[in-house]
Amino acid sequence: MKLLFKLLLAFALISLVFFGLGLPAASNGASADEAEDKLIEAFKAIAEAERMGGNVSSLVAELNEAIRLLEEGETYKNESLIDEAFLRAESIISRTSEVGREGAVEVQARVFQGVIVIVVFVALALVVWRYGPRLFWRLWVRGNGKRVVHRRTREA
Amino acid sequence: MLIDEEVLAVVLAIIVVAAGIAVLQIFPIGRIAEPFSELAVLGPEMKIADYPKEIVAGELFKLYLYVRNYEGKVMYYNVRVKLGNSSTQINETEPMNVPVMTRYDVVLLDGDNFTWPVALSIDEPGVNYRLVFEMWVYDEGSDGFRYHGRWCQLWLNVTTPIVP
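Protein chains in written order, with the numbering used here: chain E, 1 to 156; chain W, 157 to 320.
Derived from the structure by calculation, the hints contain no laboratory data.
Every value quoted in this text rests on a predicted model; they were computed, and no experiment measured them.
Cβ atoms here follow ideal geometry from the backbone N, Cα and C, with glycine treated the same way.
Quick list of in silico lysine-lysine cross-link-like pairs, BS3-like style, CA-CA up to 25 Å:
#, chain 1, residue 1, chain 2, residue 2
1, W, K203, W, K218
2, E, K77, W, K218
3, E, K44, W, K229
Some chain E residues judged to face chain W by a derived CB distance under 10 Å, without partners named:
#, residue
4, E36
5, A47
6, V56
7, S57
8, N64
9, I67
10, L70
11, E71
12, G114
13, I118
If you anchor each label on the Cβ, the simulated ranges turn out as follows:
#, chain 1, residue 1, chain 2, residue 2, range
14, E, L124, W, W272, 50 to 56 Å
15, W, G282, E, E79, 35 to 41 Å
16, E, E48, W, Q245, 32 to 38 Å
17, E, R147, W, L168, 27 to 33 Å
18, W, T271, E, D37, 26 to 32 Å
19, E, S94, W, S242, 46 to 52 Å
20, E, R130, W, A196, 55 to 61 Å
Turn these sequences into a full structure, and let the hints steer you where they fit.
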């Protein structure tokens, strides 16, 4: 009997510790206002990543999902949905800087590509300017060189 | 020599045009002539028609709300639904000064659009109700939502429900 009591006591203590520590870890207890602030923070981070040239389409889709969760959470007074919206917004914020960096690298590559294209075209223009007429007439002579041109005198 | 110069001019013109096109292909971003956003209210069949005019107090009626982003950047839209009457003021600069019935939020990339199915009800019977949909956008400068000057409205008469 004593052993059974001890076992029950141990089980109760373990359960208390498990739920006492486990529940707050699963839920961060964010209010709807906090979740909304976090969504706006996520939007600002996405806007910045887009300005840097990043492809933010997947982040925008996730943010819209978080917005939907918050709306549902507010409508049905469901705190776990509000928490989920908050956590998703945090997750978006943590990834925006990486997307922005990738975008910045892509923009740099595009600028470099643009400079290369301009240099190639300028060089091509200079070559055409310098050697174009000579090349054109050489090709023309190659195609039409066997033609015989008769001089016609104008009759008075 | 005259022909030479003409040929040269044509070749150079082709090169200049080709260079211009190539550069535009490489830098496609930031060419927005006139940024704007669209807001529209659609009827229950998702068309610009068949809008409700007479509804019963307390009964849900269906509409669709459409938003499109042509601002050249990602935008956070917030459409606010308000109920006013013929004397309530609204224009492109001032939103309607009445409480918000409900709101719809969405974030849209440039060129994207979104349509919400909307189910609303009005509890108080009356005539010439003005159901207004205002477009607000998140403004990073002021760190808050600001009225974007776009709005739509429906005029409604709300009848008393018939008790059997």
